[in-house]
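A.B. asks: One-letter residues, chain by chain:
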Amino acid sequence: MSQPVTFRRRAVGEMGTRKPAAVGRAARRFMGKRQWAVDDFTPMEETRDRARMIRLHTLANLHTYLDQFADSVERNGGQVLWAADAAEANRLISEVVARKEGSLVIKSKSMVTEELDLNAHLQAEGHTVVETDLGEFIVQLAEDHPSHIIAPVMHLTRQDIGELFHRRLEIPYTDDPEELNAVARRHLRRFFLSADVGISGVNTGVAETGSIITVTNEGNGWLTTAAPRTHIAVMGMERLVPTFADAATIVEVLARSATGQRLSVYTNVVSGPRRPGDPDGPDEFVVVIVDNGRSGVLSTDASEILACIRCGACLNVCPVFREVGGHAYGQVYSGPVGSVLAPGLAGFTDAVDLPFASSLCGACREVCPVRIDIPKLLVHQRVRATRENDPFRWLGPGLSLYAQAAKRPRVWKSLLAAGRMAGRLKGKGEWFHRLPFHAKGWTQSRDFPAPARESFRQWWKENRDGS
Amino acid sequence: MSETVQLFVTCIIDAVFPQVGRDVVEELERNGAEVEFPANQTCCGQPAYNAGHHRESTEVLLHNLEVLDRTGGPIVIPSGSCADFLIHHGPRLASGDPEKAAMAERVAARIREFTSYVTEQRERAATVDAETQDRSPARRAFYHPSCHALRGLGLRREGESLLESVRGVERVEIEGAEECCGFGGLFALEMPEVSTEIMNTKLDRLEEAGVEMLVGGDAACLIHLEGGLRRRENPMQVVHIASAIATGRGDRR
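Residue numbers (the numbering used here), protein chains in the order written: chain A, 20 to 486; chain B, 30 to 282.
You may find that some hints are simply not true.
[Claimed, not checked] Now the stretches of chain B that chain A is said to cover, found in silico as 3 or more residues with beta-carbon under 8 Å:
| id | segment |
| --- | --- |
| 1 | 42–52 |
| 2 | 63–77 |
| 3 | 220–228 |
| 4 | 245–258 |
[Unchecked claim] Label pairs and their calculated CB-CB ranges:
| id | chain 1 | residue 1 | chain 2 | residue 2 | range |
| --- | --- | --- | --- | --- | --- |
| 5 | A | 48 | B | 236 | 51 to 59 Å |
| 6 | B | 207 | A | 142 | 39 to 47 Å |
| 7 | A | 28 | B | 155 | 40 to 48 Å |
| 8 | A | 449 | B | 233 | 48 to 56 Å |
| 9 | B | 31 | A | 457 | 21 to 29 Å |
| 10 | B | 277 | A | 32 | 22 to 30 Å |
| 11 | A | 406 | B | 130 | 18 to 26 Å |
Rather than coming from a laboratory, the hints here were simulated on the basis of the structure. The beta-carbon is built from N, C-alpha and C at its ideal position, and this holds for glycine as well.
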């Protein structure tokens with residue numbers, strides 16, 4: 020199979036832009052805030068352990084909790100729709116939205132709808148879609164894609180955003196964040212008041228109560244789910260926890276890990292449509308539960324990635340993500356979590372080289388609020404990639420030779436001797452400036468040391484053996 | 030009381046930096062150990078493991094486990110990465126066969142990363158180097174706590190303390206000291222541009238902090254960083270911690 024656009028090529032392209040500098044700065048700032056929030060909370064480590072157990076328990080019993088969740092939603096007067104893939108999800112959502120022709124749809128942040136490419140689908144059917152999360156609003160204005168699961172415009176500077184607003188909203192240029200925020204707020208208000216349908220994501224669904232929880236810092240999530248007559252919540256099928264107390268645990272580690280806050284400004288709980296006597300709320304509450312490849316992932320040895328609560332800490336701490344930014348991954352989910360999840364969801368074709376976009380430094384494992392061993396899962400995905408569609412086929416013969424030699428000490432010694440022969444071409448302590456074939460990847464930026472004239476084992480044999 | 034230790038020297042030190050291996054032996058012996066070198070050892074198998082070629086990795090691993098399992102005493106490895114591999118990944122790779130899994134566990138339990146072992150040796154012997162009182166002009170040295178030693182084995186302070194015991198050296202900090210250097214094994218060949226960008230971030234910070242000597246416990250990270258420093262024509266000295274403490278001066282690789 021061919022590899023049309025690889026991570027490496029996209030990364031090189033991105034590294035030639037101004038984006039990585041903005042990403043690196045923002046990611047380090049996020050990590051600083053996270054550290055504060057972790058230090059601030061004495062029982063953080065135990066809470067992480069508990070959050071992990073909740074998520075793993077849920078995954079191990081996912082179908083039971085999905086059934087319970089659906090029953091609870093329906094008991095509360097809501098409706099549950101099941102979507103096996105993106106096409107089905109889009110069709111089901113369309114059917115709800117299209118009860119009125121040319122609906123105005125407002126959205127609060129949802130990564131799963133990015134998987135579906137829902138906006139394009141609804142717009143093609145004649146509806147108007149407006150993103151109301153500030154970051155997503157900017158992405159929509161720029162006709163761009165989110166580059167980070169919680170900070171969609173991490174790749175932009177405030178100057179970039181100032182220019183964008185100037186160009187698209189026809190306001191005088193400003194890069195003052197407060198002013199830009201006020202502009203967006205004014206612009207969005209009329210949509211909040213007149214929207215027919217609100218579409219939200221789901222941070223956590225609660226099986227016991229049939230509630231969906233969204234966390235935001237802007238209040239747009241609340242308006243999106245309460246103001247329009249119809250609220251559609253789109254949820255990845257793994258986003259559940261059993262009880263409300265469990266959800267509280269998740270929310271606690273989520274905010275601290277994601278933005279370094281004790282809690283997000285808004286923690287929004289929706290448990291069904293408006294009931295008699297409620298001051299607000301939609302007449303209609305629909306939850307669309309999306310599989311879209313998740314069942315497949317659940318049956319592999321990378322299934323633990325589904326325990327992810329989408330805080331983005333692994334992106335912020337990742338040395339690769341910081342240098343290339345989210346767009347280099349070419350998938351909805353980027354960074355370490357995306358490098359495991361994307362090939363699992365999308366198949367080992369376009370995203371096949373993402374598991375290799377890591378130095379396996381382990382920083383992601385250290386910060387993951389639910390302690391997913393991401394490096395281990397990256398290696399699992401590498402094994403699958405090399406079997407199914409090896410993105411580095413040129414390595415295969417070299418690794419076979421290596422293995423053949425390294426399990427036979429005599430052959431190994433001859434290989435070392437051959438290396439020394441090559442080294443003799445250089446003087447003692449010399450370095451190669453240019454190596455052939457794929458090793459030139461090394462020497463395009465680094466010298467490589469010539470092997471020593473006498474290996475350690477030779478020295479040992481001559482000086483120590485039998486002594 | 031002298032303890033017999035097995036040296037697993039690592040393929041890189043064996044082939045490229047044999048002097049580091051000799052310094053490891055010297056330091057272990059100075060602290061009273063009896064050093065043995067199992068002659069049929071080759072490489073731990075990690076390169077193939079990280080590349081996703083687990084059949085190849087397992088073959089290499091099992092050969093070396095068999096070699097090491099026939100010996101006794103602690104197995105000292107002057108690399109956090111190879112030690113982490115044999116401790117944490119070896120048992121998993123060998124788990125298909127109960128006998129081999131048991132062997133992997135036995136060997137894993139004996140693995141000791143060099144800085145951690147020497148720190149313990151020194152504590153046991155209560156050797157305080159009188160010469161650490163030396164106040165000659167100090168060279169600014171940074172201890173790079175390679176990722177697998179740091180996050181895999183929980184080691185950092187050990188190497189730093191050893192560096193602090195070296196005469197004429199002042200240990201300094203840099204920004205983002207615990208961030209990866211970008212080496213990542215075959216990652217450096219699979220994604221050379223990204224590996225280089227991460228390396229450059231690290232080298233910039235070393236330069237900003239005025240580091241004159243870069244010391245670490247993993248020869249592979251050091252090759253990568255020194256290779257990059259050479260392109261910058263930066264004369265920063267790059268030294269394995271074993272050589273720094275064996276010479277007590279750190280002017281030899």
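A.B. asks: Can you confirm whether chain A covers the segment 63–77 of chain B, using C-beta to C-beta distances below 8 Å and requiring at least three such residues?
C.D. replies: Check passed, 9 qualifying residues.
A.B. asks: Counting residues of the segment 220–228 of chain B with a beta carbon closer than 8 Å to any beta carbon of chain A, are there 3 or more?
C.D. replies: n = 9 at 8 Å, threshold three: holds.
A.B. asks: Please count how many residues of the segment 245–258 of chain B have a CB within 8 Å of a CB from chain A and say whether that reaches 3.
C.D. replies: Three-residue rule met by the segment 245–258 of chain B, so holds; n is 5.
A.B. asks: Is 40 to 48 Å respected by the C-beta to C-beta distance linking residue 28 of chain A and residue 155 of chain B?
C.D. replies: With a Cβ separation near 57 Å, residue 28 of chain A and residue 155 of chain B fall outside 40 to 48 Å, so the hint is violated.
A.B. asks: Given a hint of 51 to 59 Å, does the C-beta separation of residue 48 of chain A and residue 236 of chain B actually sit inside it?
C.D. replies: Violated: the Cβ-Cβ distance is about 23 Å, outside 51 to 59 Å.
A.B. asks: Residue 277 of chain B and residue 32 of chain A, beta-carbon distance inside 22 to 30 Å?
C.D. replies: 49 Å, violated
A.B. asks: At the C-beta level, are residue 406 of chain A and residue 130 of chain B separated by a distance inside 18 to 26 Å?
C.D. replies: Once the Cβ atoms are compared, 23 Å apart, the range 18 to 26 Å for residue 130 of chain B and residue 406 of chain A holds.
A.B. asks: Could you tell me whether the CB distance from residue 31 of chain B to residue 457 of chain A stays inside 21 to 29 Å?
C.D. replies: The hint (21 to 29 Å, Cβ to Cβ) is violated, given that residue 31 of chain B and residue 457 of chain A are roughly 46 Å apart.
A.B. asks: Note whether the CB distance of residue 207 of chain B and residue 142 of chain A lies within 39 to 47 Å or breaks it.
C.D. replies: Since residue 207 of chain B and residue 142 of chain A have Cβ atoms about 46 Å apart, the given range 39 to 47 Å holds.
A.B. asks: Holds or violated: the 48 to 56 Å window for the beta-carbon distance between residue 449 of chain A and residue 233 of chain B?
C.D. replies: 26 Å, violated
A.B. asks: Would you say the segment 42–52 of chain B counts as covered by chain A, given the rule of at least 3 residues with C-beta under 8 Å?
C.D. replies: With 9 residues closer than 8 Å to chain A, the segment 42–52 of chain B meets the three-residue bar; holds.
Going through the hint list in order, the structure does not satisfy hints 5, 7, 8, 9 and 10.
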